[in-house]
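The residues making up each chain are set out below.
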Amino acid sequence: GESVGLHLPTLSVQEGDNSIINCAYSNSASDYFIWYKQESGKGPQFIIDIRSNMDKRQGQRVTVLLNKTVKHLSLQIAATQPGDSAVYFCAENIIQGKAGGTSYGKLTFGQGTILTVHP
Amino acid sequence: SQTIHQWPATLVQPVGSPLSLECTVEGTSNPNLYWYRQAAGRGLQLLFYSVGIGQISSEVPQNLSASRPQDRQFILSSKKLLLSDSGFYLCAWATSGQINEKLFFGSGTQLSVL
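Chains A and B are the protein sequences, given in the same order. Going letter by letter, the first sequence gives residues 5 to 123 in my numbering. Going letter by letter, the second sequence gives residues 1204 to 1317 in my numbering.
Source of the hints: derived by calculation from the structure; they are not laboratory data. Glycine included, C-beta positions come from ideal geometry on N, C-alpha and C.
Here are the simulated lysine to any residue pairs, SDA-like style, with alpha carbons at most 20 Å apart:
# : chain 1 : residue 1 : chain 2 : residue 2
1 : A       : K41       : B       : Q1248
2 : B       : K1305     : A       : I54
3 : A       : K46       : B       : L1214
Some, not all, of what chain B presents toward chain A, calculated at C-beta under 8 Å:
# : residue
4 : R1245
5 : G1246
6 : L1247
7 : L1249
8 : L1293
Pulled from the structure, derived: some chain A residues nowhere near chain B, Cβ distances all over 12 Å:
#  : residue
9  : Q18
10 : I24
11 : T67
12 : L69
13 : K75
14 : S78
15 : A82
16 : S89
17 : P123
Bound-form chain A, shown alone (with noise of 0.2 Å):
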């Protein structure tokens, strides 16, 4: 079935570094993508989103940009600090229909990747 995967399980980068996380989706339909950061025993924090209809979004040191030719997405964070160790996540999210004139999605995750940085 589709699935939104990841290449890199692990990224250990240094404290000032920039970090790239990467991520692959196969599902042509998926019109909105967001990244989330979970910290351990926490709930995933929303971090970044963006839609199909663009291919570059900017937030507080996080960039996503999204390929749809090839079907993916990176999350860049510049300068990075020890406080940005974490799992992070993909998600791309599926318009699942109506109900009760109600629009709903259904996200779906990618595995993670770790991200460690040293200081």
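Chain B: place on chain A using the hints.
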């Protein structure tokens, strides 16, 4: 502002015992609600979602059930727990009526079935 509460944070239960995990959302009305399970070192698997009171959709056949007795309350239950039910359970909400849904997660419940 919207907040999501999930409890308990940790739970140790014997095999065959019942389960009830509760999740409540504040600061929003008619949210879409979700239960996810996360195995150690793995991604998130969607278990149930609900678009309204009494409306539950199950994603995978399993030993668990979900209920939504009130607009902002979502409950995950089991009559008899199995060892394989161990995991990290996450409740999440999203704004209904939105085309692109951003999920907001609770802090999770670490369930150990022994």
